[in-house]
Amino acid sequence: MNAMTDIPSQGSEGPEVIPVTAMFNPQIMMAGSALVALLLISFIFLLTRRRTSSKGTALLLVGPPDAGKTSVMSQTAFGQPWQTQTSMQINMSAVTLSPKKMFPVIDIPGHPRLRGQFTEHLPSSKAVAFVVDSSTISRNAAAVAEHLHLVLHALTSLPPSQHQPALLILAHKSDLLKATASSQNTHTLAINRVKTILERELEKRRASQSGGINIEGLGDEGESTELGGLQCGEKEGASFKFDEWEGGEIIFLGTSVLQNGSAKEGSSNGLESLQQWLQDNM
Amino acid sequence: MLDHCSISHKGGVVLWSRSFTPEAEQLASTAASPVNSLVREALIEGRTTEEKYEKDGYALKWTFLNEFELIFVVAYQRILQLTYVDDLLSAMKNLFVQCYQPVLAAFVASIHNVSTTLTVQAASFDFKQSFKTWDAYFDKLLKGLESQAALDRKSRLRSTVRPAVVAATPPSESDNAPALNPESTTDEQQIALNVQALKNRLKGRGGRRGGKVGRVGSGRDSNTESDSDVQPKRKAKAKTQRKWGDEVPTEADMATLDFSMDKPDSGSENIGSVDVQSLVDQTSLGTRTNDGMYEVRDWDFSKEKDGADDAIANALKPLDSKVSSSEGTLGTLGSIFARLTGSKVLTDADLKPVLEAMKQHLMKKNVAMEISDKVCEGVGESLVGKKVGSFQSINNAVRVALSTSLTRILTPKTSTDLLLSIRTKLSAPLASNQQRTPYSIAFVGVNGVGKSTNLSKVCFWLIQNGLRVLIAACDTFRSGAVEQLRVHVRNLSMLGINGAGDSKGRVELFERGYGKDAAGIAREAINYGRDHDFDVVLIDTAGRMQDNEPLMRALAKLVSVNNPDRIIFVGEALVGNEAVDQLTKFDRALRDFSSASGTGRGRGIDGMLITKWDTVDDKVGAALSMTYVTGQPIFFLGCGQTYTDLRQLRVSNVVQAILKN
Ligand SMILES: Nc1nc2c(ncn2[C@@H]2O[C@H](COP(=O)(O)OP(=O)(O)OP(=O)(O)O)[C@@H](O)[C@H]2O)c(=O)[nH]1
Ligand SMILES: [Mg+2]
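Protein chains in written order, with our numbering: chain A, 1 to 282; chain B, 1001 to 1661.
Isolated chain A (complex conformation) (with noise of 0.2 angstroms):
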């Protein structure tokens, strides 16, 4: 039994103790396993977790409230379109492009207090897609750039070090816009509405801030607080325009996740453009 005593401490600290074939008894058999088990798990979890950390594998959902992050999320991760409400903690799934792709998505609860979670994602992310309800995009627009404000900062803040992952917008239930023009799909409205809209928040945002001395300015040992995020071009205080955003290029993708029955067979389930952007991307 003294031996056993020991294994508590040690097996903690290292994987090397294990004096299983010491003992014959069947329980102890198991239990000797088990710990080998558990180490060999372990160590497969470590060394596997340095090679992610390093560079970045996941796919982040970020984006406001109700968006419809968690139903991308289950649409592609399990090919469910599945109801849902609030989100009140961070799901972690994988999704299956073809047996050799594989890659886990996150999803960051869209409540203001639970949001800011997102930037401890960052570096383990490939892509960040920050999803937006287009057809409450323009009620909700000042929310909706003060959350992407705070996803470019995060982004543009990032260590030279660490790779910058690529941002998507994805103006997503396009299935709600009614198509005006003809020859314009819902896709393409969405984005076109959802880019018009945010481009001119942002703008707003920026503007105020230009010449702006934020609180912590005043001090003197203040170290800054000033969101940034929203440099254009090469010169200071050009206007907001995402195409020519400092942190590089923005991916607009238009996308929906129909509700059960309303997918016609056959047809289109409204997740394409992004599935083809993973396929080819991570």
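Think of the hints as simulated: they come from the structure by calculation, not from any bench. Values in this document were obtained by computation on a predicted structure and should not be read as measured data. Where hints are given, some of them may not hold.
Result set (DSS-like, lysine-lysine): computed pairs, CA atoms no more than 27 angstroms apart in a straight line [said to hold, decoys possible]:
(1) LYS1425/B / LYS195/A
(2) LYS1052/B / LYS1413/B
(3) LYS126/A / LYS195/A
(4) LYS1352/B / LYS1387/B
(5) LYS1413/B / LYS195/A
(6) LYS126/A / LYS101/A
(7) LYS1352/B / LYS1619/B
(8) LYS1585/B / LYS1413/B
(9) LYS1128/B / LYS1143/B
(10) LYS1425/B / LYS241/A
(11) LYS1374/B / LYS1387/B
(12) LYS204/A / LYS1413/B
(13) LYS204/A / LYS1425/B
(14) LYS126/A / LYS241/A
(15) LYS1132/B / LYS1143/B
Given the coordinates of chain A, assemble chain B with the ligands onto it according to the supplied hints.
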């Protein structure tokens, strides 16, 4: 009688739901559904310890099942007094987990899929298929409870009229109870049982009628509380007859659903204890005797990693060693096995001492007692039943949960960017016959907290941003108040803007002396500001005690007459337990009295300015108390005597300061 009922994962996926009326059905799929409001406004806000949430005429009750991160919600019309909702929730919880544990475990695992376990690809989850038996179970549960409630009501009525006769009339009672058990027979034995059940019910009623408080607790987390009153007989049964998945429920299962028949000696707690044993069996395995040991080891481990600033852990260290010394013997192989494979389920008993220490710690940091209580209770609620890895001690789990909870409470849910808000209002398009009204901010609070001084600091900051500011001296009460502002305005107009020249003309004082009606002066000031092209009007109000109703009414009048763009409560960082009372009463008085005077919905406080921040060091609990009470953000911190001593709150710093020893 119910309107809506749902079972969902905390991540947002709904596993099962049912609406009982067309209206509820329609509402359920929208962002404004009662369940969504509940999550947004109560659960995420950390108000999980409240008993009930009301919205748009609905009342909602809920319970958590942390082991599988599930929330069970029941919504019903607020006016109904449904006595069985707590029982329904806990019965649902127990039965659901008993029936679908494997599916649930697989689902939760797949939604926590960290990058390393990608190979375990999510099997397709078809909830419709997996939970197809649930509808029937649920119906039975609900019917049983409803009829029991009806029965209760009836017999209570009768017992008050003719108490002696009741026990003698069982046959009619058994007719009223729908026979849920398919094999139910009406032989003598059954009747005898019914008689017995009825007697028990009547016996238990005394406590039940008066004891609403007791019931609330039992409904909330039955899996921990009720294992004390599980009878040994049922324990044995649960072990042998546990049913998984889609199997057809046996007669015995049905019997456990049959609430029309009270189990002898289980008293009024009977429902809470249904099948609880199935939860206990698989998780306990004697780990309890080993808690201490395992704690200490983890403590050493975490101490090395987290360093000396791990305050909570430090504060709790004595507790740990006490536990370990009292349970010093080594455990069985089974528990070693359990420890090594890392399954440890947190129980109320595990958490209690840790949470108590945590509460004391928060109070030492000047968090109001009531708030410390609620925050810790909320943290406990989010942890009970949760599995912690073998490398994570209870302390650590609690510390992480507390830190998350504090961050969530302190993080603003509305924009705190005042400049943007001002500029947006000023640049908003106007109709041609309209004049641009300045942005107005009212500063309210109790006496002597530094309202005028900090108003001047805010003024300075606005001037620095190129805005023209009018200060309205609406403290017509305290002698010297107007003069004080006059001095500030003189100072401010002599200071340069961004270093260039003086700021004359950028700031002005609007005063009408003492004793006049503050609401009227504010009105005049705003009009003056509009006519003279001021951008912002800062309204200084007289300090008042929150219990002084006439003065609170006067303040509410000022607010409802002028409808300022922001109402900022100014409070001291030194305030302790008082913070709760002050803020609740200010907020409520503003809402109640301003809505009474006819301008639609009452308005409450929009945010806080905390003064004397520099005097409290790391005892920053007031920030937590204030944000918890109002749910509103802290706009500014005042931290000194000069105009530049104004800061913005950094959530992470405050959380750190609170957790620090
Ligand atoms: N019409 C339509 N509805 C959608 C679409 N995608 C999602 N929805 C609905 O939008 C609602 C919100 O979707 P969620 O996925 O829960 O939103 P979320 O972004 O996760 O929201 P939070 O968790 O609050 O941050 C749900 O009722 C969905 O059914 C879509 O493409 N079209
Ligand atoms: Mg969600």
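Taking the hints in turn, this is what the structure says about them:
A C-alpha spacing of about 23 angstroms is found between LYS1425/B and LYS195/A, which places the hinted pair at or below 27 angstroms, so the restraint holds. The straight-line distance between the Cα atoms of LYS1052/B and LYS1413/B is roughly 22 angstroms, inside the 27 angstroms bound, and the hint therefore holds. Between LYS126/A and LYS195/A the alpha-carbon distance is near 23 angstroms, which keeps this suggested pair within the 27 angstroms criterion. Simply put, LYS1352/B and LYS1387/B have alpha-carbon atoms about 16 angstroms apart, close enough for the 27 angstroms limit, and the pair holds.
The hinted pair formed by LYS1413/B and LYS195/A meets the criterion: a straight-line CA distance of about 25 angstroms does not exceed 27 angstroms. For the hint linking LYS126/A to LYS101/A, the alpha-carbon distance of about 14 angstroms falls within 27 angstroms, and the restraint holds. Restraint check for LYS1352/B and LYS1619/B: the C-alpha separation of about 24 angstroms stays at or below 27 angstroms, so the hint holds. For the hint pairing LYS1585/B with LYS1413/B, the CA-to-CA distance comes to about 22 angstroms; that is within 27 angstroms, so the pair holds.
For the hint pairing LYS1128/B with LYS1143/B, the CA-to-CA distance comes to about 22 angstroms; that is within 27 angstroms, so the pair holds. Annotation: proposed proximity of LYS1425/B to LYS241/A holds, straight-line Cα distance about 23 angstroms (limit 27 angstroms). In summary, the hint linking LYS1374/B to LYS1387/B is supported, as the alpha carbons are separated by about 23 angstroms, within the 27 angstroms threshold. For the hint pairing LYS204/A with LYS1413/B, the CA-to-CA distance comes to about 21 angstroms; that is within 27 angstroms, so the pair holds.
Distance check on the hinted pair: LYS204/A and LYS1425/B sit about 11 angstroms apart at the alpha-carbon level, within 27 angstroms; holds. Among the hinted pairs, LYS126/A with LYS241/A is consistent with the structure: their alpha-carbon atoms are about 23 angstroms apart, no more than 27 angstroms. A threshold of 27 angstroms between alpha carbons decides the hint, and for LYS1132/B with LYS1143/B the separation of about 18 angstroms falls inside it, so the pair holds.
Going through the hint list in order, the structure satisfies each hint without exception.
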